[in-house]
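J.: This is what each chain is made of:
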Amino acid sequence: DTGVSQNPRHKITKRGQNVTFRCDPISEHNRLYWYRQTLGQGPEFLTYFQNEAQLEKSRLLSDRFSAERPKGSFSTLEIQRTEQGDSAMYLCASSQWLAEAFFGQGTRLTVV
Amino acid sequence: DAKTTQPPSMDCAEGRAANLPCNHSTISGNEYVYWYRQIHSQGPQYIIHGLKNNETNEMASLIITEDRKSSTLILPHATLRDTALYYCIDTPDFGNEKLTFGTGTRLTIIP
Numbered sequence: 001d002t003g004v005s006q007n008p009r010h011k012i013t014k015r016g017q018n019v020t021f022r023c024d025p026i027s028e029h030n031r032l033y034w035y036r037q038t039l040g041q042g043p044e045f046l047t048y049f050q051n052e053a054q055l056e057k058s059r060l061l062s063d064r065f066s067a068e069r070p071k072g073s074f075s076t077l078e079i080q081r082t083e084q085g086d087s088a089m090y091l092c093a094s095s096q097w098l099a100e101a102f103f104g105q106g107t108r109l110t111v112v
Numbered sequence: 113d114a115k116t117t118q119p120p121s122m123d124c125a126e127g128r129a130a131n132l133p134c135n136h137s138t139i140s141g142n143e144y145v146y147w148y149r150q151i152h153s154q155g156p157q158y159i160i161h162g163l164k165n166n167e168t169n170e171m172a173s174l175i176i177t178e179d180r181k182s183s184t185l186i187l188p189h190a191t192l193r194d195t196a197l198y199y200c201i202d203t204p205d206f207g208n209e210k211l212t213f214g215t216g217t218r219l220t221i222i223p
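Keeping their order, the protein sequence lines are chains A and B. Read in order, the letters of the first sequence are residues 1 to 112 in my numbering. Read in order, the letters of the second sequence are residues 113 to 223 in my numbering.
Among the hints, erroneous ones may be present.
[Claimed, not checked] The calculated DSS-like cross-link candidates involving lysine-lysine, where the alpha carbons are at most 30 angstroms apart (straight line), are: (1) Lys11/A x Lys181/B; (2) Lys164/B x Lys115/B; (3) Lys14/A x Lys57/A; (4) Lys115/B x Lys181/B; (5) Lys71/A x Lys181/B; (6) Lys71/A x Lys57/A; (7) Lys71/A x Lys115/B; (8) Lys71/A x Lys11/A; (9) Lys210/B x Lys115/B; (10) Lys11/A x Lys57/A; (11) Lys11/A x Lys164/B; (12) Lys210/B x Lys181/B.
To be clear, the hints were calculated from the coordinates, so they are not data collected in a lab. Note that the structure is predicted; figures quoted are calculated from it, not measured.
Modelling step: build the complete structure from the supplied sequences, incorporating the hints.
T.: Right under this line is the structure:
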């Protein structure tokens with residue numbers, strides 16, 4: 001499968017714990033995006049990388065959130081001191097050109 | 113915030129053409145219209161995009177009005193697998209490339 005891969009698919013964590021998600025984009029894609037989706041809403045942009053450079057961060061990305069793409073390939077999204085409001089689907093997408101952004105299946109986070 | 117307006121839901125009979133409208137009255141000259149869809153529990157899937165000319169690919173056709181203030185996505189022969197949430201998005205194809213999703217149109221294909 002050469003699509004965007006996200007791991008884990010599901011994560012349940014206790015409030016206050018740290019979690020880390022991984023995204024493996026399509027190999028030749030230099031752009032990588034993170035989105036968050038809550039129930040009944042469309043995906044909301046969080047942050048965007050071009051190669052290893054993080055070019056934009058949404059105001060939704062509080063200080064507890066950090067994303068990296070150290071070698072311009074896979075990316076990680078870490079949430080520190082999770083809160084119940086962090087419960088959502090976290091989606092990763094990659095593209096060469098915006099026109100065709102390919103999304104992964106997402107990581108569903110539940111904070112209890 | 114999303115700059116497009118879509119009806120919240122639509123039904124279409126299986127085998128018929130599904131026509132999904134979208135208003136983007138504030139679209140600027142360099143902004144494209146994109147359509148994505150999201151099937152339950154999956155990530156969004158790109159369908160088609162256009163600037164001002166009508167476009168067609170293996171999935172759908174996109175009809176953009178001459179003033180570019182609205183468009184229609186056409187699924188020519190809808191199947192049950194086309195039941196999904198459809199998003200219409202306008203965004204530039206350069207520079208700031210994030211997608212701003214609205215709440216979309218929930219299309220239900222009726223057998």
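J.: Now look at each hint and say whether the structure bears it out.
T.: Results for each hint:
With a C-alpha separation of about 42 angstroms, the suggested pairing of Lys11/A with Lys181/B is violated against the 30 angstroms cut-off. Pair hint Lys164/B plus Lys115/B holds up; C-alpha atoms about 17 angstroms apart against a cutoff of 30 angstroms. Taking the CA atoms of Lys14/A and Lys57/A, the gap is near 26 angstroms; set against the 30 angstroms cutoff, the hint holds. The hinted pair formed by Lys115/B and Lys181/B meets the criterion: a straight-line CA distance of about 11 angstroms does not exceed 30 angstroms.
Simply put, Lys71/A and Lys181/B have alpha-carbon atoms about 41 angstroms apart, too far for the 30 angstroms limit, and the pair is violated. Under the criterion of a C-alpha separation no larger than 30 angstroms, the hint pairing Lys71/A with Lys57/A is consistent with the structure, at around 19 angstroms. Between the alpha carbons of Lys71/A and Lys115/B the distance comes to roughly 35 angstroms, so the proposed pair goes past 30 angstroms and is violated. Note on Lys71/A and Lys11/A: the hinted pairing holds, with a Cα-Cα distance of about 25 angstroms set against a maximum of 30 angstroms.
Between Lys210/B and Lys115/B the alpha-carbon distance is near 13 angstroms, which keeps this suggested pair within the 30 angstroms criterion. In summary, the hint linking Lys11/A to Lys57/A is supported, as the alpha carbons are separated by about 23 angstroms, within the 30 angstroms threshold. Our distance criterion of 30 angstroms between C-alpha atoms is broken by Lys11/A and Lys164/B, whose separation comes to about 43 angstroms. With a CA separation close to 21 angstroms, the supplied pair Lys210/B and Lys181/B stays within the 30 angstroms bound.
Consistency note: the structure conflicts with the earlier hints numbered 1, 5, 7, 11.
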